[in-house]
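Chain order of the listed sequences is U and D.
Using the numbering used here, read the first sequence as starting at 1 and increasing by one per residue.
Using the numbering used here, read the second sequence as starting at 1001 and increasing by one per residue.
Keep in mind the hints are simulated off the structure, nothing from the lab.
Among the clues, some could well be false.
In the BS3-like style, the derived pairs of lysine-lysine whose C-alpha atoms are separated by at most 27 angstroms in a straight line are [said to hold, decoys possible]:
id: 1; chain 1: U; residue 1: K70; chain 2: U; residue 2: K55
id: 2; chain 1: D; residue 1: K1042; chain 2: U; residue 2: K105
id: 3; chain 1: D; residue 1: K1083; chain 2: U; residue 2: K70
id: 4; chain 1: D; residue 1: K1057; chain 2: D; residue 2: K1078
id: 5; chain 1: D; residue 1: K1057; chain 2: U; residue 2: K105
id: 6; chain 1: D; residue 1: K1042; chain 2: U; residue 2: K73
id: 7; chain 1: U; residue 1: K55; chain 2: U; residue 2: K78
DEER-style ranges, computed between Cβ atoms [claimed, not checked]:
id: 8; chain 1: D; residue 1: T1005; chain 2: U; residue 2: H110; range: 38 to 48 angstroms
id: 9; chain 1: D; residue 1: Q1064; chain 2: U; residue 2: A16; range: 15 to 25 angstroms
id: 10; chain 1: U; residue 1: N58; chain 2: D; residue 2: I1020; range: 35 to 45 angstroms
id: 11; chain 1: U; residue 1: T18; chain 2: D; residue 2: E1053; range: 44 to 54 angstroms
Quick caveat: nothing in here was measured; it's all calculated off a predicted structure.
Note that beta-carbon positions come from the ideal geometry of N, C-alpha and C, so glycine has one too.
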Amino acid sequence: AQTVTQSQPEMSVQEAETVTLSCTYDTSENNYYLFWYKQPPSRQMILVIRQEAYKQQNATENRFSVNFQKAAKSFSLKISDSQLGDTAMYFCAFRGGDDKIIFGKGTRLHILP
Amino acid sequence: EPEVTQTPSHQVTQMGQEVILRCVPISNHLYFYWYRQILGQKVEFLVSFYNNEISEKSEIFDDQFSVERPDGSNFTLKIRSTKLEDSAMYFCASSEALVLPSNQPQHFGDGTRLSIL
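With the rest of the complex left out, here is chain D (with noise of 0.2 angstroms):
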């Protein structure tokens, strides 16, 4: 079965550091999103994208975030200057998503473990 995909598994950073998430949504999905989890809390929306542009965003996700599907495959998170409260799990999630709202199921890959020392 097709999965998200998304490297590296655990980043470590210094604070004040930029970071770059990566993800490969899964090839026939036309949807993207960046969900975030900090450590004992719950799965956060950050981000949705369609189309090349973002479609909506959270409060969460203000100037320090952007989000680019460079090549057509990838799709990637960048945090410009990392605090030490960025620290959490990062996942991303496709979906066909023909029709709001859908019943077609976010795929979410594994995440990706962003600490910032």
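Only chain U is shown next, with the shape it has when bound in the complex (with noise of 0.2 angstroms):
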């Protein structure tokens, strides 16, 4: 079965700060999809970035970017210049073969100003 593992329960950091947000996956599938999710307090799930497998260019959206390791099943997620409103709930989430979306525990990231 597969699992997802994100190591920091909480992280806080200056505002304008770049800071990384660690997430491992276990698979014994090749082909599949790495996500991350951003819930701010509201409760939405909104979708930060996404990731195929199959790509070895990390994705990067904007201020967001992810470091894609798939060797060592890693896909962390680097946010630069960060703002008051990135303070949320960050999900990393995993999609394979049978469509569901497995997610991590979450790591709650404070940007302080």
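Given two chains presented individually in distinct reference frames, assemble the corresponding complex, making use of the accompanying hints.
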């Protein structure tokens, strides 16, 4: 069974700093997708970024980028120039051949003014 | 941008009562999902639905749960006899998902907070 592990329950950084959120996963599949979802205090689930496992190039979306290491089964999220609005719970997620999403436990990120 | 909408945003129900949570997926999407998030815990998959039948369900999705697409636009989750431990945030999601595994993201609704008293 696939598992997703986020080892940082909570992090705080100053506004404008760069922060990296860690995620590791376990799967025997070769073809899958990885996602980072953001859940602000309003409780919505917002897709931040996604990565196809067959692509070696790391995905980038404005201030958000990932470091995808397939062999190590690692998928970290980097937020550059962090903003107060980035304060949220961040979930790493895996989607394989059975189509359901497996979420990690989340990392609560606080951006401090 | 099209959105998944869920109603109500907050539902309070007495234990043992039936509750129906409603979702309107994005109109051209074919796959539908329900997830739940108990307060302070991770989001958990409940069920996926395609072509008017359940594709997959988790061990959480027992006989007390059912899903339906009654009219081609709504997608509902029914809990027949609610328990205290059913209190959670319930998220509906939908995706286009043409080929598995799909990079089409699941678009989530804002969730329904279910409180069982």
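A quick look at each hint next to the structure:
Between the alpha carbons of K70/U and K55/U the distance comes to roughly 10 angstroms, so the proposed pair stays at or under 27 angstroms and holds. For the suggested pair K1042/D and K105/U, the alpha carbons sit about 5 angstroms apart, so the restraint of at most 27 angstroms is met. Of the pairs offered as hints, the one joining K1083/D and K70/U is violated, with about 41 angstroms between alpha carbons and a cut-off of 27 angstroms exceeded. Using a Cα cut-off of 27 angstroms, the hinted pair K1057/D and K1078/D holds, with the two alpha carbons roughly 14 angstroms apart.
Distance check on the hinted pair: K1057/D and K105/U sit about 20 angstroms apart at the alpha-carbon level, within 27 angstroms; holds. Simply put, K1042/D and K73/U have alpha-carbon atoms about 20 angstroms apart, close enough for the 27 angstroms limit, and the pair holds. The hinted pair formed by K55/U and K78/U meets the criterion: a straight-line CA distance of about 18 angstroms does not exceed 27 angstroms. Against the hinted window of 38 to 48 angstroms, the Cβ-Cβ separation of T1005/D and H110/U comes to about 30 angstroms, which falls outside the hint.
Checked against the given bound of 15 to 25 angstroms, the beta carbons of Q1064/D and A16/U, roughly 49 angstroms apart, lie outside it. Checked against the hint of 35 to 45 angstroms, the C-beta distance between N58/U and I1020/D comes to roughly 43 angstroms, which is consistent with it. Take T18/U and E1053/D: their Cβ atoms lie about 46 angstroms apart, and the range 44 to 54 angstroms holds.
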